[in-house]
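Spelled out from the first residue to the last, the chains are:
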Amino acid sequence: MKNFNRRNFLKGGLATGLAAVATTSPRPAAASGSFGGYPNSMGVLVDFTRCVGCRSCEAACNKEQGLPAPDKPFDDLSVYEERENGQQRRTSEKAYTVVNRYDKTDRKSGPVFRKFQCNHCNEPACLTSCFVNAYTKTPEGAVVYNPKVCVGCRTCMIACPFYVPAYSYSSVTNPVIKKCIMCYDTRLKFGRPPACVESCPQEVMTFGHRADLINLGHERIRNNPGKYVDHIYGEREVGGTAWMYMSDVPFEQLGFNTSLGNEPIISYVKEFLTIVPMVLTIWPALFTGFHLLANRKKAAGDDEKPEQKQEEKQS
Amino acid sequence: MRFTRGKSSIILIGALGVLAVAGNGFSGTGPDAVVLDSLAELYEPVQFNHAMHVELAEGKCAKCHHHTTGAAPLEPRCLACHKGGIDGGVYACRDCHPLKRFEADYLASLTANPQLYHNDKPGLKGALHRNCLGCHVDNGGPSGCKDCHPRNAKGDAAFRAEVVAPPAGHKSGGH
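One line per chain: the protein sequences are A and B, in this order.
In this text, residue positions in the first sequence follow numbering that gives the first Met the number 0: the first is 0, and each later residue adds one.
In this text, residue positions in the second sequence follow numbering that gives the first Met the number 0: the first is 0, and each later residue adds one.
Chain B extracted, bound-state conformation:
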């Protein structure tokens, strides 16, 4: 039997596959850059370099994405349920972590579902900071507020940046 046609189609499909990966960098490793702006109010949106973090994670997507990419999670207590294997197709943090974690409707949804195991799931703001800061602090990454997102004018007003601190030793108030 001659396999030339099968061989050439394999080569063709292989070439297309390579082009697909190289073209938009999407399959398998996600986008190169993400703009995190869902919570931007007092700070500018975060320009997140996803490609660099993919490199730093050395293929372990579970370091940030828990188990949602299909890999087994890294925390041992999660393995009881999430042994890994199913890529849910849901990767963005905001797809699971709610924007408004403490509003009445989300709290009601927690009460309505007493079987829910993940009832202590942080909202988006808490999830982003707690997931990122641990690794950043341990590995010398940016850990100050303004290192990842500079403050905008509204933020400056909120933090009262216009106040000039009195000189050391000054006692305020009448006492």
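Looking at chain A on its own, in the form it has when it is part of the complex:
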């Protein structure tokens, strides 16, 4: 080590660090691989050209899930005028699904009605973000949660790209997340469609195997040229969702976020998280090595102002 000065030390340290990171971090080649859902997962295809805004689905959900009484009866259509801070109605602890009316769309013949509830993603962001593992993606397709495990931190409310999970603010001692579970406990487990699907007089929602519904949706678009926007929302967005949508007007006009991309939310954090264990192992060893290297002369007994001695050497 003839030329051991500060400059060479820094060069060596940088080179070692880069080498360590380059050789010991096994980045997966195709990081965009995505789960895609269980093979026989069920789904629901929602067709907004059919919805007339009758709110039978909201009534059916309220009854099936034993939700508290709403502020207005379900046949009261003045709810479509309601705005809170300029926003239309959203899911809440009393309403796991809502229908909103959109007047300013490309549809000339009248307003468009949109039903909104949990999309039951294949790789849910809520499940990804939950540190107590309260959420489960079931093989039947529903994303369900265990309210007994939920600690009420609301991280999933931030994580969900669709702003779906609602919170029981009204509960003082045990507020938890509340959201649509696709009627898993009472219907889906037994192969039956969710209550909202069964209640709809216009058959806005078609229940079936997710893979079949994708084919059905594209066939419907093909059989009705010009009627639909040629896109099934949820087919690929954020890794695919079990609830998918078809519309005759562009999805942005109905409040859909069309800039979400096809990567599941977890892929934004997956690579960073896989590096953490490796970093926690390598860095202590590496920096201990640097520390020992830098102070080896001190350790050898010569501990009277080593910086001064180095300065004398360099001058």
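Calculated from the structure, these hints are not laboratory results.
We treat Cβ as the ideally placed atom computed from N, Cα and C, and that holds for glycine.
Incorrect hints may have been included.
Which residues of chain B face chain A? A few of them, derived with a C-beta cut under 8 Å, are [what the hints assert, rightly or not]: (1) D94; (2) H96; (3) L106.
In silico contact screen, one side only, chain A against chain B (beta carbon under 10 Å); selected entries [as the list claims (entries may be wrong)]: (4) R49; (5) R54; (6) N61; (7) K62; (8) G65; (9) S77; (10) S198; (11) N214; (12) E270.
Mind docking chain B on chain A? Use the hints.
Relative to chain A, chain B alone:
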């Protein structure tokens, strides 16, 4: 040759035919009234005036019955297969449109038959509403839920009719 016997039998058969049509109004135009009650749960059954709709359809049974009465269907894309001509004898909506469209057995029947063209056939509830409402809305017919079928007590409970809406400007919840 004398045709008197042939003539009188023609007259007799003709008279019987007229009587048959006038008697129960069935051949050619279907029943006068139908009670649609297969789906009645939250609403009363529909008292459907078939005779009036026959008049409104001006002889075009295909407007509602697609092609099953033998006439060619009105939608152009159906003509490729259903050019018309065969009266299948099946006229009721519920004879083709299933009551339980999304139960596992019906879905399995769709999967089991990949050659089936009509795999997007609506169930009975969807078919009745979608077939009827389009024309009703265009021609000023009844289009509200309760216009065709009043709600029963179970329906009132389901739609929470007992809830009294709070006055305008009321804010619910703690926020």
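Hint-by-hint comparison with the structure:
no. : hint : verdict
1   : D94  : violated, 18 Å
2   : H96  : violated, 10 Å
3   : L106 : holds, 6 Å
4   : R49  : holds, 7 Å
5   : R54  : holds, 8 Å
6   : N61  : holds, 7 Å
7   : K62  : holds, 6 Å
8   : G65  : violated, 13 Å
9   : S77  : holds, 8 Å
10  : S198 : holds, 8 Å
11  : N214 : holds, 9 Å
12  : E270 : violated, 38 Å
Hint violations for this structure: numbers 1, 2, 8 and 12, all remaining hints satisfied.
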